[in-house]
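A.B. asks: The chain contents come next:
Number of protein chains: 4
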Amino acid sequence: MSELTWKSAITKIEPNKISVRGYRLDELMGKVSYADMIYLLFKGELPSKNAGELINAILVSSIDHGTTPPSTLSAITVASTGAPFNAAMAAGILAISKFHGGAIEECMLILRQGLAYVKSDKLSYEKAAEIIINEYQSAKKRLSGFGHRVHTSDPRTAKLFQIAKKTGYNGESLKMAETFVQVLKQKTGKELPLNVDGTIAALLCELDIDPALANGFFMIARMPGLAAHVHEEYTRQKPMRKIHPTDVEYDGPDERNYK
Amino acid sequence: MSELTWKSAITKIEPNKISVRGYRLDELMGKVSYADMIYLLFKGELPSKNAGELINAILVSSIDHGTTPPSTLSAITVASTGAPFNAAMAAGILAISKFHGGAIEECMLILRQGLAYVKSDKLSYEKAAEIIINEYQSAKKRLSGFGHRVHTSDPRTAKLFQIAKKTGYNGESLKMAETFVQVLKQKTGKELPLNVDGTIAALLCELDIDPALANGFFMIARMPGLAAHVHEEYTRQKPMRKIHPTDVEYDGPDERNYK
Amino acid sequence: MSELTWKSAITKIEPNKISVRGYRLDELMGKVSYADMIYLLFKGELPSKNAGELINAILVSSIDHGTTPPSTLSAITVASTGAPFNAAMAAGILAISKFHGGAIEECMLILRQGLAYVKSDKLSYEKAAEIIINEYQSAKKRLSGFGHRVHTSDPRTAKLFQIAKKTGYNGESLKMAETFVQVLKQKTGKELPLNVDGTIAALLCELDIDPALANGFFMIARMPGLAAHVHEEYTRQKPMRKIHPTDVEYDGPDERNYK
Amino acid sequence: MSELTWKSAITKIEPNKISVRGYRLDELMGKVSYADMIYLLFKGELPSKNAGELINAILVSSIDHGTTPPSTLSAITVASTGAPFNAAMAAGILAISKFHGGAIEECMLILRQGLAYVKSDKLSYEKAAEIIINEYQSAKKRLSGFGHRVHTSDPRTAKLFQIAKKTGYNGESLKMAETFVQVLKQKTGKELPLNVDGTIAALLCELDIDPALANGFFMIARMPGLAAHVHEEYTRQKPMRKIHPTDVEYDGPDERNYK
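Chains as they are written, first to last, in my numbering: chain F, -15 to 243; chain C, -15 to 243; chain V, -15 to 243; chain S, -15 to 243.
Be careful, since some hints might not be right.
Which copy is meant is left open, so a pair is good if it fits within one copy or across any two.
Claimed, not checked - Within a straight-line C-alpha distance of at most 25 Å, the following computed DSS-like cross-link-like pairs (lysine-lysine) qualify: (1) Lys111 with Lys124; (2) Lys1 with Lys27; (3) Lys(-9) with Lys27; (4) Lys111 with Lys174; (5) Lys33 with Lys15; (6) Lys33 with Lys243; (7) Lys171 with Lys106.
The hints are simulated quantities; they were obtained by calculation from the structure and are not laboratory data.
No experiment lies behind these values; they were computed from the predicted model shown.
Here chain F stands alone, though its shape is the one from the complex (with noise of 0.2 Å):
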């Protein structure tokens, strides 16, 4: 053991034998699913089914929003020059950040806030959501999470509800969440409802996933539609076209329901 000698706790690999978290590779394929894997790598324990089915729902929920964000946009640029797969698939995930994306630890920040002052302080879960946006409005920083972003009534929003409710995780994150909607609307007589951002938020906060990885997770269920994006402007355009931004039309497969 030398000085540069160091320690993981994810995955140890041996000859013919790859074990993550302790669980041998081999037993778990066929029997989890990539869902539950995320779970497993960020916290340490395999998830109950009702967990990995919402972490799927999350994952199924963000896996692309057509070609506005601006991941689609750099990572289409990128490819448009020629770069290889990957370059192009990096400069998508390099602008999922702070305005892209970043809105899902924000608002867990927040929330997570929010139930310690209900947790250590004994306060009400209104108290506690006042508190903070009154912080907010004191320092003139909008509260990531709520409002409309995109969709004034957001179906991925609704959707989530009903699974965390199937699933049993509607709990205190998800009760927080709404408390702030209600104060929100008492104190600016506005209706800011929970966005797709501070509903993900929520459950990831109802899964106890730490908001350091909220990033990362965005980044893992946005990949195949970035993948996707990238593999038409191989496909379709011809090389450094001029890309505009909102100028696009769907010519895909007519509306279809599921089954």
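Given chain F, put chains C, V and S in place with the hints provided.
C.D. replies: Just chains C, V and S, lined up with the frame of chain F:
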């Protein structure tokens, strides 16, 4: 419609409505898996239950390989400088390239070439493999996907074969791959088994995924592992430490059985 | 000395002493230019005064090309998401690739091939150019470095020729490049002048820089421009704006003369 | 003019005409240095001869620091996977961050705060330094730019001071920095000299460069070194090698004198 108008067939964004390849995202949530969504994004249609299971198993098989891969090392090197999560992840993605992950795409192209000889030119599988092996031998090139890399008997390979059989995806591409192993043995006298890259290549061929997406598929699979290592770097290690590439000890949970 | 010991011939770091290619860095400071250092790092020796001047002129010629190049657009797209400076710069660098900047390396390889025919096979410059042009025409490939890209009479090209002449670097590579222009005209009837990429390619050949470094050279040259655009994005624009690729108006200083 | 029209004050592109901050690029070529162009791009005006010399010297001082910095290690780790030049360079850039290069910006902010106390609040240099040092000590934060990092007597620092004096840029920012060293010694009893990051910080303050550009400035300076290391990795090393962070031997030219 201006001269900059362009088209995309992936995701349609309308107010309060998001449809991926024609399916409303909120209808899919709770019903399909992340693995299914990759198939939908890459191929335009939802997979059969079996295809979804196979994709999920491939993702799980590739989700992490500890601290040794250069993608992990470049990601934690960047994390160690205090760079944000997305910068570290991008540096990891940039290392998934020709010699790291790239064997999947190369092997897919070899298998497809072999099958083209079988189908268009009515050659036997053996003859097809022989022609390609001869080409590679005279060009002194290595056949990607064959021969041990890290493990002499990779546990992931055996399990992937088993799942391929169970899901009915042990078709012509796996047969082509196994024929290569036989012909290589006859010609070289050496055992050059299908390694994990070669096995994934054969299965992605079975699923008829475009080889140009193989690198992207591997990146998606590896993201949760990269995220866990980056998070561990931030939370366990000192900034700017010297990162030894092999002198690492595993100190996570002891081996344990699933269920 | 362990099995992991490796060697590097670039910079020697000792306590209180830094030597680049054998020269103490503090001795070079104040005496040589950044352009000279590039030559020293890339070739192992300090350049003549004239070579240093030529490199400096090439760097200045490529330092920025406004908002239109994809490297600028990907950099500011990432900056616009609130990502830090290094993430935005990396996204810019990732766009300097096959179709953006890549023509320099491709053209260098063409010119070197032409000169190889002249020197090894004792062909005339005309014959050498003809053979290569025929190859490209039958493969339906475009000869990188020839023909207008943005400007029909690029002011940088004329000036680079002038400086090449003044510094004595108007040798065989420039002659080879000009022969290509003549032979292209004879064969196609079209005027396909050496463009700025082709001119830089010829000059880097004159300086005997490894073509594998051409892409790196262009990135170095373009970094200050990218940095200025990223900084302008942070300081003048709102986060997450939609970035139009061509609808930009210049509002900087009016045209003015040097000195 | 549409709602997406935007403005940029950096470079104007017209047919056959490129002007940077109002100056025609072809007029500048052959007359100004790359260092001068950085000043023009960052500040909008061409520098005096002395300012250009000082910038050039700072660039030269930072051009490479061997294999030890994480930017070099992440760049060659990525290069070693067979990724292209731009991917390796981007990975290097991503490591130039808070703890690697970031001290320059942090120290600039400290020096500017000190000078703000001197100018607005009419405090002495000593009092200004004392207030800031007290703040940092009570927050248990380290003062960036002060104290040895690698070298106890950094040869670059001494030379930069000398060039600052020669070019007349040894003004209030250097005085502020030196006052910090004195007050730190009085308060801690320890010698915490201005290190190379702190010296560059003071000089960029003297040149009135925006601290938000300090990280970009360092990246520009380090690019040629990164490029040389990436090129060496491609040309001297085997793909996918294990890269030891410190066990490297220099085998370049022996020490030699300039001139």
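A.B. asks: For every hint, state whether the structure bears it out.
C.D. replies: Structure-based check of each hint:
1. Lys111 with Lys124: within (20 Å within a copy, 33 Å between copies)
2. Lys1 with Lys27: Answer is within: at 22 Å inside a copy they meet the 25 Å cutoff, but 33 Å across does not.
3. Lys(-9) with Lys27: within (17 Å within a copy, 40 Å between copies)
4. Lys111 with Lys174: For Lys111 and Lys174, only the intra-copy Cα distance (19 Å) is at most 25 Å; the inter-copy one is 49 Å.
5. Lys33 with Lys15: For Lys33 and Lys15, the Cα distance is within 25 Å both inside one copy (11 Å) and across copies (14 Å).
6. Lys33 with Lys243: both (23 Å within a copy, 12 Å between copies)
7. Lys171 with Lys106: So Lys171 and Lys106 pass the 25 Å test inside one copy only (22 Å; across, 43 Å).
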